[in-house]
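Chemist: Here are the chains, one letter per residue:
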Amino acid sequence: MNGLAPLPTRKQEDFRYSDIDALTGVWPVPVEDILVPTSQSTTLSIVEDGGERAVARHLSVVVEDGAAFDLRVLNTGPAFGRIAVDAWLGRGASFTLGAAQLGGGTQTLEIVTEVTHAQPDAVSRQIVRTVLADRATGTYLGRIAVERGADGTDAEQSVRAMLLSRTATANARPELEIFADDVKCAHGCAVGELDAAGLFYLQARGLTPAQAKRLMLQAFVAEAFAGAPEEAALTDKALARLGDLV
Amino acid sequence: MLQIHNLHATVADKPILKGLSLTLNAGEVHAIMGPNGAGKSTLGYTLGGRPGYEVTDGSVTFDGADLLALEPHERAAAGLFLGFQYPVEIPGVSFVQFLREAANAQRQHRGEPPLSGGEFLRLAKDKAALLRMDMDMLKRPVNVGFSGGEKKRAEMVQMGILDPRLAILDETDSGLDIDALRVVGEGINAIMRRADKAVLLITHYQRLLDYVKPDFVHVLADGRIVKTGGPELALQLEEQGYEAVA
Numbered sequence: 001m002n003g004l005a006p007l008p009t010r011k012q013e014d015f016r017y018s019d020i021d022a023l024t025g026v027w028p029v030p031v032e033d034i035l036v037p038t039s040q041s042t043t044l045s046i047v048e049d050g051g052e053r054a055v056a057r058h059l060s061v062v063v064e065d066g067a068a069f070d071l072r073v074l075n076t077g078p079a080f081g082r083i084a085v086d087a088w089l090g091r092g093a094s095f096t097l098g099a100a101q102l103g104g105g106t107q108t109l110e111i112v113t114e115v116t117h118a119q120p121d122a123v124s125r126q127i128v129r130t131v132l133a134d135r136a137t138g139t140y141l142g143r144i145a146v147e148r149g150a151d152g153t154d155a156e157q158s159v160r161a162m163l164l165s166r167t168a169t170a171n172a173r174p175e176l177e178i179f180a181d182d183v184k185c186a187h188g189c190a191v192g193e194l195d196a197a198g199l200f201y202l203q204a205r206g207l208t209p210a211q212a213k214r215l216m217l218q219a220f221v222a223e224a225f226a227g228a229p230e231e232a233a234l235t236d237k238a239l240a241r242l243g244d245l246v
Numbered sequence: 247m248l249q250i251h252n253l254h255a256t257v258a259d260k261p262i263l264k265g266l267s268l269t270l271n272a273g274e275v276h277a278i279m280g281p282n283g284a285g286k287s288t289l290g291y292t293l294g295g296r297p298g299y300e301v302t303d304g305s306v307t308f309d310g311a312d313l314l315a316l317e318p319h320e321r322a323a324a325g326l327f328l329g330f331q332y333p334v335e336i337p338g339v340s341f342v343q344f345l346r347e348a349a350n351a352q353r354q355h356r357g358e359p360p361l362s363g364g365e366f367l368r369l370a371k372d373k374a375a376l377l378r379m380d381m382d383m384l385k386r387p388v389n390v391g392f393s394g395g396e397k398k399r400a401e402m403v404q405m406g407i408l409d410p411r412l413a414i415l416d417e418t419d420s421g422l423d424i425d426a427l428r429v430v431g432e433g434i435n436a437i438m439r440r441a442d443k444a445v446l447l448i449t450h451y452q453r454l455l456d457y458v459k460p461d462f463v464h465v466l467a468d469g470r471i472v473k474t475g476g477p478e479l480a481l482q483l484e485e486q487g488y489e490a491v492a
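Chains as they are written, first to last, in the numbering used here: chain A, 1 to 246; chain B, 247 to 492.
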């Protein structure tokens, strides 16, 4: 996958749920290289809230030995928003992804990750929360590759999507490829609707249906930004968007 | 204050309430007792407006207005409080945030100014103390990790904060030990025993009525009130059972 490649088709796994028409307008997607040198830590927040446009980004991150990279993503705005992250982890490196995709209308939002545990003892944590209304589509494709000899790998994916309408679509595909023996890889994935009993409980105390939904979704999305340096700013932006969706 | 006339309600097309009539005046405490499956909880949920509880005939007026035409949050704002038999856990949302939003949503609906953060916290502290609940518990997520008894006490703290005119308490006494039962009973008296308020206690047992003295006791069986009396009726039920009395 590089910027000079021909326009992908939906036959390619990583673009199976993409909006290819929208992608055409922004193709080729330049690869943004990020290097986190040995024992350094870097944080990055990406907020895509840009109106009608299509946005596609492709980050290629190398996290060297003992280094840490903390990436938070809030994907709400564009008609088509795609964020692809390749992360290569050195010995004892740490990678955190906390992402929220909040879509309505006919938006297509997607996050595609490939995390490579190339050396022993690296830790990766991915939390992706997706909220979809109307006819929106939200996708998470997450591959974890544990290479030969990368013992002591500790990888975790937690992927949950909440559908506010029956016409919205959530796709989630966690994928593990493990070539080492002593590894810990956990992945959980769930697609659901807001708990009706909880909604009634909140409304019985006086919250309007929209307030009740927003409160429950706020808690759902908050996990993606917990502990981020810009937690408050990201949460505020997410709340504003949730207010529109309910 | 509350007039229920010939109320018929179904749950999943199954008739549960079959012509229930009941009148509560301001200043009164009524107890509804009855065997399992008589329709006690259905009565509470139907009055609260829970989706899935469908009124097929009859009427309910609250302060002269058609209660059944109101949404659950509008019923709350009108002064109705439903104490849940099984309070719902809402992970990620603190009691303090939830109750402040609920109180202010009700106030906004009634055209009253919102409570400031400080005003709300003073009120919450006051009501928590009344129910002998540690204020720190209200900073935790709604009902999460609470014991059965703590949930019921928290329901009464909520009632104190929201200050309703009519409380319908669905088996608030279940899950309480003897000491907690007394605290809850005294809390109900302190909050609701006033000339301009009324209480409908739904219960299996006489013991709560030792603390909250009812003016009327009704026996509900097969979706109807089959017998009405004074406090002595509850004692008689406790002694002889529903079959003998009703």
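FYI, nobody ran anything at the bench for these hints, they're computed from the structure. All residues carry an ideal CB built from backbone N, CA and C; glycine is no exception. Warning: the hint list may mix true and false statements.
As the list claims (entries may be wrong) - Here are the computed lysine to any residue pairs in the SDA-like style, where the Cα-Cα straight-line distance is at most 20 Å: (1) B:Lys385 / A:Gly51; (2) B:Lys385 / A:Arg53; (3) B:Lys260 / B:Gly310; (4) B:Lys385 / A:Gln218; (5) B:Lys385 / A:Thr235.
To be verified - Only part of the chain B face toward chain A is listed, based on derived beta-carbon distances under 10 Å: (6) Phe327; (7) Glu347; (8) Arg428; (9) Val429.
To be verified - With the C-beta cut set under 7 Å, the calculated list includes, among others, these residues of chain A facing chain B: (10) Ile46; (11) Gly50; (12) Ala204.
Chemist: Taking the hints in turn, state whether each one holds.
Modeler: Right, here's what the structure says about each hint:
no.	hint	in the structure
1	B:Lys385 / A:Gly51	violated, 37 Å
2	B:Lys385 / A:Arg53	violated, 41 Å
3	B:Lys260 / B:Gly310	violated, 29 Å
4	B:Lys385 / A:Gln218	holds, 16 Å
5	B:Lys385 / A:Thr235	holds, 19 Å
6	Phe327	holds, 8 Å
7	Glu347	holds, 6 Å
8	Arg428	violated, 25 Å
9	Val429	violated, 21 Å
10	Ile46	violated, 23 Å
11	Gly50	violated, 28 Å
12	Ala204	holds, 5 Å
Of the numbered hints stated above, those contradicted by the structure are hints 1, 2, 3, 8, 9, 10 and 11, listed in ascending order.
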